[in-house]
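Those protein sequences? They're chains A and B, same order as listed. Residue 1 is where the first sequence starts when you use my numbering, and the numbers rise one by one after that. Residue 1001 is where the second sequence starts when you use my numbering, and the numbers rise one by one after that.
Hints may contain errors.
[Claimed, not checked] So the derived list for chain A, only partly shown, Cβ under 7 Å to chain B, looks like this:
no., residue
1, ILE34
2, ASP168
3, THR175
Hints in this document: simulated from the structure, not taken from any laboratory. A virtual CB, placed ideally from N, CA and C, is assigned to each residue, including glycine.
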Amino acid sequence: MSDLAKISINGLTKRYGQTLAVDNMSLSVPAGSIFGLLGTNGAGKTTTFKCMLGLAQPTSILFDGTPLVPEMFERMSYVPERCALYDWMTGAEHMELQRRSFRFYDHKRALQLMDLFGLDAKKKIGKYSKGQQTAMALVLAFSIHPEVLVLDEPSSGLDPVHQRHVLDLMISESTGGATVIFSSHQVGQVERAAERVAIMHEGTLRLTGEVEQLKADVKVIEATFDGDAPSVNGLQSDPSVGLVRRAGRLLRVYVRGNGDEIARTISTKGPRSLRILDQNLEDIFLTTVGASPAADLPES
Amino acid sequence: MPAVFTVDPHSGVPMYLQLIEQIKRSVALGVLAPGEQLPTVKQLAMDLTINPNTVARVYRELERDGVIETSPGRGSFIRGNGGVRNATRAAADVAAAAIDTAVREAKSIGITPQQARDLFQRAVEHWYPGQHETEDRSL
């Protein structure tokens, strides 16, 4: 896994008529990494994916430092959010289509994956459930030993067991050198599987970085008291303190930096317990898209 | 490998630290024996469904701490006695943190220093029956 960017998006802007779907977005996805894209509905995730694949015309997107060339499609798998299979064809016929279209199609692998997701190759796609259709699209995507996997909501409609399989497949491909970029509404999946994450909102990139680093940047000091949580002098005015939440016996303080000093200050108030925690990705996401109470409090 | 690890991405403790602590504890307790082979980065990443880089970081830090050794092409193994000693020392850190938390809690509910010492002494007598003074200085 090198730091070389497999995919770099520079100043991507995409309009649909009057609507600005993506506005001046720049992203870099390191080769061999798993990259998670988070965003509310309509944030521009799917548009970004489409631009990456040349399905919509982008401003500038580079793969391995060069613009997208047709040969690249041979080593690239895209699973769109809405399933794009033919209802009247069977699973086996789709595999045959994949074999004829992709040089690196691996039939043994495809059969293993059909088995993993419990799919019947003799059935027509129209007879599959929505989750099975998603699974079929994934089987095809993973069967060609792709260098780049672009997965738009790859686990939607799948049961929790199959969702785990999808994450494990992504992890496995990434250790084999493939670059994976995926979007998900399940923040927990991104938190587990992705090395880096980007959060989009209303067409713009709001935050990007390494997942562990973003989580460690802001510490959550959580203190419980025997009675109501006391007010702590100087907390609100401290420049490193982002948000102070007091709920009954619980005091929760969000601090930029390591939080040790603030924790010491709080501990002089005699809390029953005191913990310094990393923020979780869901908190970060909600704060970033302005959906959390943290948004209307002073920024640090 | 008999040890089963779990990580909780939501717990507030970085996943790599959770895993390091669990592996060290397993070594200190003898669940992982010296010479025993650890799963590959890929295998453990898939077992736990976490990013492979997280596992790679865990192995790097365990190697730096002298708990495991990695030989290219063969894999990662629990080190000999040094590994156990290093892991035991790490497990002792966990114990120290637990005692610290307990004392802080005792203080916060108004227990006097003398009462705290009595409580500690009682716990020691309970868990080390028949041992007045521990001779073991290996920690």
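Structure-based check of all given hints:
This hint holds: ILE34 (chain A) has a C-beta 6 Å from the nearest C-beta of chain B, less than the 7 Å allowed. Because the beta carbon of ASP168 (chain A) sits about 5 Å from the nearest beta carbon in chain B, less than 7 Å, this interface hint is met. Here the hint on THR175 (chain A) is kept, as its CB sits about 4 Å from the closest CB of chain B, short of 7 Å.
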